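Dock chain B against chain A, hints included.
Sequence order for the protein chains is A and B. Per the numbering used here: the first sequence ends with 306, consecutive numbering throughout. Per the numbering used here: the second sequence ends with 639, consecutive numbering throughout.
Do not take every clue at face value.
[What the hints assert, rightly or not] Taking lysine to aspartate or glutamate pairs in the EDC-like style, the calculated list, with each CA pair at most 16 Å apart, reads: (1) A/266 to B/459; (2) A/162 to B/600; (3) A/72 to A/88; (4) B/544 to B/531; (5) A/162 to A/250; (6) A/266 to A/88.
None of these hints come from the bench; they were simulated from the model. Given the structure is predicted, the values throughout are model-derived calculations rather than measurements.
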Amino acid sequence: MKSKKDKLDDLAAASAGRSLSGEAFRRMARSPVAITGAVITGLFVLLAIFAPLIAPKDPYERSMQGSVQLGKGIIPGPMPGYPLGVDDFGRDLLSRLLVGAQQTLVVGVMATLIGLAAGILIGGTAGAVGGWVDTVLMRFVDVLLSVPSLLLAISVAALAAKPNQWTVIIAVSIVTVPVFARLLRGAMLAQRSSDHVLAATSLGVKRRTIVLRHMLPNALGPVIVQATLTLATSIIEAASLSFLGLGDPDPSRAEWGLMLGNASSKFLDIRPELAYYPAIAIIIVALGFTLLGESMREALDPKNRR
Amino acid sequence: MLRFIVRRLLQAIPTLLILSILVFAWLRLLPGGPAGALLGDKATPEKIADLNRVLGLDQPIFVQYFKFLGRILTGDFGSSLASGQPVLSEIGFALPATIELSVGALIIAVGLGIPFGYLAARFRAGILDNAVIIVTLVGVAVPVFFLGYFLQDNFAELLGLPSSGRQSSGLDATHVTGFAVLDGVLTQEWDAAWDAIEHLILPAIALATIPLAVIVRITRASVLDVLNEDFIRTAQSKGLRQPTIRRRHVLRNALLPVATTIGLQTGLLLGGAVLTEKVFNIRGIGYLLAEGIERRDYPRLQALILLGAVVYVVVNMLVDISYGIIDPRVRVR
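Excised from the complex, chain B in its bound form:
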């Protein structure tokens, strides 16, 4: 087991290294080079030459790369052009909002996706199954940001839900961790916690649709596969009760591929968060990114792209490892 984990950890290193090279190259592919991008509209040839010297851009390219690698490994991503703050502290500040939103979306996606996927498979070709298939197909086809605006425009008022931001402005909430819901619970300010949850509902629904559709379909397909297995027939013929078969034999085996899929959804969530946070005015990572695009804030974008990919790689690695723990066959490969 330990060997499997170590091997999987080592496999991630080359991926991350190549990634760092790509992101390094990315900034150098920018129109006007990194100095031009940093200076933006204020760029003149003299200023660019000056800045190139200051940034060490006149040095050999591999020296530059190793310096870059050294800096990002020590957590120095430079300063944001938009706010002047170190990019990393900006990100740290925005992270809780995005995590909260993604967790909310994941709860919706998993909480509805697995039961509906299971029921669709159990009552295959029934009304529920057909309805689930149609809804998931349409769900994937709806652009996330449009769904966000649609919910905001039509349901916020109807359901009495807030449609923007993370907390109501008049609320005097204590901030401990930066996670609005968690803070409310920790300080026992239940109204603040509930207020934060209310703010999360609509954006989390918008963000959850595509992962939900994917999880439903994978669960359904996976349950159908397992139902055809010999061991299910064996269990039935030796007279096990149906609920036992469903719980112990069907669900347990069917959920393995679903677990992998949930890991893969983090990438979708990260991309979707960019759109959802912009729509609902939530100051998270996606908001930083959207703002960074508008202002052409390249140091910030560079850090976000790199960290986004790192998170994705790490999450998938963890999923692989947990898969190895659940299913011993995976370890052998």
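In isolation and in its complexed conformation, chain A is listed as follows:
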């Protein structure tokens, strides 16, 4: 039930002709879910940017390698100077987790951006051009959608002769392309038959301008929501690929998915924290992006706009 105040606000918004996105933003600013999501993602991004400055030690220096005895199952836990202990190479776990935020953000953002760019190109073209171009592109997209996502990521990652960070990012991003493409195409089609596009067409506005200025910006809403949600799943899928041995084989890189993938299969008996800490970090960040995405979806849903 909406309170009286909300109803009045909505009425004011309607009469002032406030835009859907402006109103959505206003609604999000009042939603505890949206605020929680925004705070988590905000902190994560800040951490990612400033991690190298905050990290107490060099995350790559194997300073305690002498006290790690994998054969005997000894990986030292917390000690002075190493509040969370060290990893299997004797590197400070806390510093690796902090710097890991940066690498994890890079993986999530790059995978999402690549998928988004390809998806917008395919979906936007299909929706704007229509006809046989639309049919061919959407057939292709449907085929990609018909492969279970992890299987698709695996098949792309397995193509790489030498896996590295970028093969993981590209494998994870390809999974998202068909989703973005389908969403954008649907939204573009809806735009094509809308009154403002008809108005622009009858005014003689150039086709390219109509597509780029009138259709695309209005169709991007659901895609942006999906991108936020994709950031979370990309990070998790990258972790799964690392776990399956398709990740970056470079042991020095500090990335949460890689740390989790390595530690959960190898060191859970010796020092479960090596897996638990990156897992908790991934869960919190994935949760943050999901909360933000879901509340954006809810706020942009015209059904909630009365």
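Positioned in the frame of chain A, the structure of chain B alone reads:
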């Protein structure tokens, strides 16, 4: 109705054909080409040239494709590099384990998902609803393989459950179908059946989390939608009893989108099975795939990717068809 089914069947054909082209191209995109991938470390230029001739890779590309298509249509996927066995028989051997695991996970996901989703919607914004929302959000954020290890590490001992494999090693169980639980029931070796179920519990829970979260949320949203419908108000105003309304009007209509979602979960289950089977050491399809990745066993991977997609396409087609049976409006589109 028949026309709808036939049309839906025909729609799947181009998808499968394009898929076969992609998988065909995939093997040719491999570093060193298919011959290089087959030979692995033993590859020398002469050997590659030899093998190319043997495999017919020196022929025009479309001839190669049609030969490939002919072979997979007759069920010939070549031999696995890791075991030397025909890939198809390997898969046939591993399939029961994965089906058993997926069915177990699906039972958990559907059995808990629909009641919890329904209750959350019925007591909207209550404690249960909020708890369900939080748990589903966290559930989606947990990497499946980590959850598997977490359960294995913390709950196997606590609950006295086995944490790896499909059956206890000392057990003398008769194998009939390859489905461990079913075999136990068929041969009335109840201890064997129970043993197999015990082995399934933890991996099935790990595999079920994400589908469970999805089913709960779809059920909740769908029930909320139906509750706002006019026909519910009509039913209430004509004085139908609440339980009747809930069962006959709300649940029946709300479960339609849920049915579609369950079909879509097969893809998630297949992907999740790869991770879960590796964690719990279950020799199913996912285990074959994980091992295939480690050993770069491309013929096996090719077959698994193609068959995985085919299963997904077929399941979704069946879901669409059953949807058409339940809801006549779908047929018209």
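Status of the hints after comparison with the structure:
no.: 1; hint: A/266 to B/459; result: 12 Å, holds
no.: 2; hint: A/162 to B/600; result: 13 Å, holds
no.: 3; hint: A/72 to A/88; result: 12 Å, holds
no.: 4; hint: B/544 to B/531; result: 21 Å, violated
no.: 5; hint: A/162 to A/250; result: 11 Å, holds
no.: 6; hint: A/266 to A/88; result: 10 Å, holds
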